[in-house]
Amino acid sequence: MTPVTPAPEVQVPDPAKRKLAIYIVLACTLLVAIGQYLIKLGANRLSHAGLLATAIGIITIPQLFAGYCLYALFTVMFVYALRHGELSILYPLIALGYVWTTITAVVALHESMNAYKIVGLLVIICGVAVLGWGGGEK
Amino acid sequence: MTTPVSSIVLVLVGSVIGSVGAIFLKSGAHAVNRQWSSIVFNWRLMVGVATYLLSSVLYVKGMANGELSVLFPLVSLGYVCTLVWSKMFFNEVITKVKLAGVGLILVGITFLSLGSH
Chain A
317 MTPVTPAPEV
327 QVPDPAKRKL
337 AIYIVLACTL
347 LVAIGQYLIK
357 LGANRLSHAG
367 LLATAIGIIT
377 IPQLFAGYCL
387 YALFTVMFVY
397 ALRHGELSIL
407 YPLIALGYVW
417 TTITAVVALH
427 ESMNAYKIVG
437 LLVIICGVAV
447 LGWGGGEK
Chain B
185 MTTPVSSIVL
195 VLVGSVIGSV
205 GAIFLKSGAH
215 AVNRQWSSIV
225 FNWRLMVGVA
235 TYLLSSVLYV
245 KGMANGELSV
255 LFPLVSLGYV
265 CTLVWSKMFF
275 NEVITKVKLA
285 GVGLILVGIT
295 FLSLGSH
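Chains as they are written, first to last, in my numbering: chain A, 317 to 454; chain B, 185 to 301.
One should not assume that every hint holds.
Anything over 12 Å on all C-beta distances counts as not near chain B; from chain A, calculated [to be verified]: (1) Asp330; (2) Pro331; (3) Ala332; (4) Lys335; (5) Leu336; (6) Ala343; (7) Leu347; (8) Ala388; (9) Phe390; (10) Val395; (11) Ile410; (12) Val423.
Simulated DEER-style distance windows between Cβ atoms [unchecked claim]: (13) Val392/A with Thr294/B: 30 to 40 Å; (14) Ala424/A with Val224/B: 17 to 27 Å; (15) His364/A with Trp220/B: 38 to 48 Å; (16) Ile375/A with Val268/B: 32 to 42 Å; (17) Lys271/B with Leu438/A: 21 to 31 Å; (18) Ala215/B with Ser428/A: 45 to 55 Å.
Hints are computed from structural coordinates only; laboratory data are not their basis.
Since we're looking at a predicted model, the values are computed, not measured.
The beta-carbon is built from N, C-alpha and C at its ideal position, and this holds for glycine as well.
Could you put the whole structure together from the sequences, leaning on the hints where they help?
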């Protein structure tokens, strides 16, 4: 079964649009980070719920609903970006969200910052930069 | 607070399913043109979004009972899967730059989770 047909004709993308796609996804990681934070807040109220109750909770719990709205917005932007860029570059770029999430946790939730976290953040930023620059060049 | 195995499995399965969703989203994205019907009747986008929703439900279930510091690194498994899917379905080249980028991201996320205990 081949549910997805490869589209070789789109493998010669416009370099400017490739760059734009990368910037769009990087900006979108902020949306994901805020969404993740809201979802975590909402998920705490569902620790003993079943799958169905969880699905209903996505609509009835405001934090979960808002979190998923941000995810929806992200998905629309991501689909647009995917038209012009490579999946193998754009998908891992979402990891920049970890950086925002950690900063949010330290600033808003007063979690402690330590050497491991700082090294982790810097290494992730390096990885995203390598993908972003390497991916925009070709 | 400890992280139960069930949470780990839920998040792991969710992240792999999410990376599969991205295949359908990219494939669907290329089928979009100026006509509304190309979005509304785009089965690839529908499958992609449905797959994302499914992975999110699993993700929420997993997150409900665990520590983010343990569960976050598991999501990054999806990035490795995506490199494989990109080559399989879209003939994208796995370059050294991409491997280095994803490798750094995995190392970074691991450090982050180490610091979260």
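Verification of the hints:
Non-interface call for Asp330/A relative to chain B: holds, since the shortest CB-CB distance, roughly 14 Å, exceeds 12 Å. The beta carbon of Pro331/A sits about 16 Å from the closest Cβ of chain B, which is more than 12 Å, so the claim that it is off the interface holds. Listed as outside the interface, Ala332/A is consistent with that label: its C-beta sits roughly 18 Å from the nearest C-beta of chain B, beyond the 12 Å cut-off. With 12 Å as the threshold on Cβ separation, the claim that Lys335/A sits away from chain B holds: the shortest Cβ distance comes to roughly 15 Å.
For Leu336/A, the requirement that its beta carbon stay farther than 12 Å from each beta carbon of chain B is met, with the minimum near 14 Å. For Ala343/A, the requirement that its beta carbon stay farther than 12 Å from each beta carbon of chain B is met, with the minimum near 18 Å. With a cut of 12 Å on Cβ distances, Leu347/A stays outside the contact zone with chain B, its closest approach being about 14 Å. With a closest Cβ-Cβ approach of about 9 Å to chain B, Ala388/A is found to fall inside the 12 Å limit, against its non-interface label.
The beta carbon of Phe390/A sits about 10 Å from the closest Cβ of chain B, which is not more than 12 Å, so the claim that it is off the interface is violated. A beta-carbon of chain B comes within 12 Å of the beta-carbon of Val395/A; the shortest separation is about 5 Å. The Cβ of Ile410/A does not lie farther than 12 Å from every Cβ of chain B; its closest approach is about 8 Å, which violates its non-interface assignment. Every CB of chain B is more than 12 Å from the CB of Val423/A (nearest about 15 Å), matching its label as outside the interface.
The hinted range of 30 to 40 Å is satisfied by Val392/A and Thr294/B, whose Cβ atoms lie roughly 31 Å apart. The beta-carbon spacing between Ala424/A and Val224/B, approximately 39 Å, falls outside the hinted interval of 17 to 27 Å. Taking the beta carbon of each, His364/A and Trp220/B are about 43 Å apart, inside 38 to 48 Å as hinted. Taken as a hint, the range 32 to 42 Å holds for the pair Ile375/A and Val268/B, whose Cβ atoms sit roughly 34 Å apart.
Remark: the range hint 21 to 31 Å for Lys271/B to Leu438/A is upheld by a beta-carbon distance near 29 Å. Roughly 48 Å separates the CB atoms of Ala215/B and Ser428/A, a value that falls within the hinted 45 to 55 Å.
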